[in-house]
Amino acid sequence: MKTDTNNLDKKSYSIWQKLFGKRMTKSGMLSIFIMGAGQLRNKQKGKALCFFLIQLVYVLIEILTSSLVSGGLPNQPKAWGYGFFRKGLWGFFTLGETTGGRFRDNSPVLMIEGLIVILLLGILIFFWIINIRDANQIAIEYEKSGQIKSSKEYFKHVFETSFAYVVSAPSLVLLLLISIMPILFAFFTAFTNYDAYHNPPADLIDWVGFGNFMKVIQLPGWRTTFIGVAVWTLVWAVIATFTTFFGGLFLALVVNNHRVRFKKIWRTILILPWAIPGMVSLLVFKNFFNQTYGPLNRMLGMNIPWLNNPTLAKFTLIAVNFWLGVPYFMMLMTGILTSFDKTIYEAARVDGANKNQIFWHVTFPILLSQVMPLLIMSFAGNFNNFGAVFFLTNGSPRNIAYEYAGHTDILITWIYKMTKDFKMYNMASIMSILIFLLIGGISTWNFMHTDAFKED
Amino acid sequence: MTVLTNRKKNNKTFVDYVKEVLAYIGIYSVLLIFAFVILYPVIWIVGSSFTKGSSLATASAIPRNPSLSNYIRLFEETKYKQWYLNTLTIAVINMAVSVVLTGTMGYVFARLKFAGKKFGLLSILILQMFPSFMGMIAIYVLFLNFGLLDQPLALVLIYATGQIPYNTWLVKGYLKNVPISLDEAAYIDGATKYQTFKRIILPLMSPILTFVAVTQFMAPWFDFILPSFLISSDEKKTLAVGLYELINGQANNNFTMFAAGSVIVAAPVALLYLFLQKYLVEGLSAGANKG
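First to last, the sequence lines map onto chains A and B. Read left to right, the first sequence gives residues 1 to 456 (the UniProt record's numbering). Read left to right, the second sequence gives residues 1 to 291 (the UniProt record's numbering).
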């Protein structure tokens, strides 16, 4: 036990060191309170000014947007005196206090403004930590050597790497606003009572903690639906990826065979499904498989419930997805197979391997290692393949045991129904988090093990 | 492979001959079956679009009295032309914006060294796993605040942002094939990073950027969820929403008109794909090659 706690202390100490520098010096202490102050003590004026300006911008924004100085922010009583940052935080924690009237609070808007404020403050904290660490390190170096590098050298180093940041800045800002902020919003909505009975701005939303999660675990309706839908989603994603991958590989091999003439024409026919917008194909298939009027049943002279029987609907879904997805993998395999180094075949043949052995023991493993990242992405894509389910079956046939879901609904279409049709935002958010954890976990783990990632 | 078969041809036995014939039969029957399965629905939808009458029951692959009535109705009774124009505008702008954003991001992550690179790569990867519409409510409120609701062009913001992660990885994988000594030579000659990017790397990136351009041009034609959430007025809709609403709930009444609409959307897009297939194969396999 004793060693355990010792280790723990050591670990947390090292994180602390990583963040703030080897030890706290006077310069570091100064920088904690005013950014740049420690740098000024270290006699690095340029750097001190930069850090100070960052802090100044934040303080000025807060002061200038506060109603004590200017007209204040829209939609808030003048008496508050809150500026941009304080109002954002207040809004995030309270989700609003006033209903009705001119200054009524709109909870989702407050939460989003709060999230933007939190992201901006996160950036400030990032610079604050860098500022403390920098002050500490320079002070320690000075104590040791009695010499101080000028700000110039520091800026030269920053300038070296800054091209990367400047060039990717627009993308990063967009990602922050349009990808990260909404993800955080969805995440936090899971802890609120934002549902069909709470309609902002008429009503306020409140934080409810883990109440919604308990609902999913405890209420049988929600639990059955979640487990049922989640299992089907997994099965669907695995089968859909597996079938299209091997189908595409098979077709690529067939077309590449030396016996096939007019390869170009065959290939063009085979990639046609990829070239047609998926939504169109899916809606066409929905009608194609129509039990009463569809041409397939008319052609067969039978009355097969392609999309109306729960099990058959699932098979139809997988078959249609095969039709849609095979061309992508076929093209991918064709491209990779032609770029293969031919000498390995020679080597294998010299060693006495037959065609089958060469394929399964030489070609296939190399192929697999190359497409693995795309295969994982394809799995994630199928897991969240909204279009396939929504346009072909729309989740039907109905399942009376489920909450807001049908037999063929996968998690993502279930979430869509909950938000768009039933306004169960909080429950939908819980499902989003679970999907995210699952898919994000699998993919991250896998990517960490790919060569592409290790090299960087 | 050819060496192997040539050797066999020299001393063919009867068994070899039968095997060869069976291989031909097998291969061509696979090709013919797949071609039929792929082409039949396509022919059926084209045929349906020329069928007289409007219901699914009358639709057939080879219409008895072919007519253009569905196409005429489509343009007269719906705002199809407007939808088409909206989608085309979004597609073109999205293509341009995406190419710029991905090109630069891909270059930065493939070629430059900077603090936080690994973290950045991992985060954009995780971001990509999050389906964009889960943050829909947030985007809706964000757009509401900035007055971007019901503005088709604002969709470009989301499309262009959403594609960054996947395509950055793709471009990064592709640039692995381009020797880094090219960059180093340029630096030695005194080129700045910007000059190196513009004069040396950018021209070499054209195949992969073509791939990004084509796929991003395509994206808005497929997408249904975002416009269905963010666009409300009829004349600002995109094709996906317009077409879907045409047959949603009353599939049996408007089916042939929907077929006509589908043909007009799919035909040019499919032709573009077929025309550029060489680039698409290159782009796909390049991204995979070095993963």
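Treat each hint with caution, since some may be false.
[Unchecked claim] From chain A, some residues computed to sit far from chain B (all C-beta separations above 12 Å):
| no. | residue |
| --- | --- |
| 1 | Leu89 |
| 2 | Asn106 |
| 3 | Ser145 |
| 4 | Ile180 |
| 5 | Gly211 |
| 6 | Gly247 |
| 7 | Arg298 |
| 8 | Phe383 |
[What the hints assert, rightly or not] Straight-line C-alpha distance at most 20 Å; calculated DMTMM-like pairs for lysine to aspartate or glutamate:
| no. | chain 1 | residue 1 | chain 2 | residue 2 |
| --- | --- | --- | --- | --- |
| 9 | A | Lys420 | B | Asp150 |
| 10 | B | Lys113 | B | Glu184 |
| 11 | A | Lys263 | B | Asp16 |
| 12 | B | Lys113 | A | Glu153 |
| 13 | A | Lys420 | B | Glu282 |
| 14 | A | Lys286 | B | Glu245 |
| 15 | A | Lys355 | B | Asp16 |
| 16 | A | Lys264 | B | Glu282 |
No lab work stands behind these hints: they were computed from the structure. Computed from a prediction, not measured in an experiment: that's the story for all the values here. Built from N, CA and C at the ideal position, the CB exists for glycine as well.
- Against the structure, test the hints numbered earlier, and report the numbers of the ones violated in rising order. Violated hints (numbers, rising): 2, 4, 6, 7, 8, 11, 13; every other hint is consistent with the structure.
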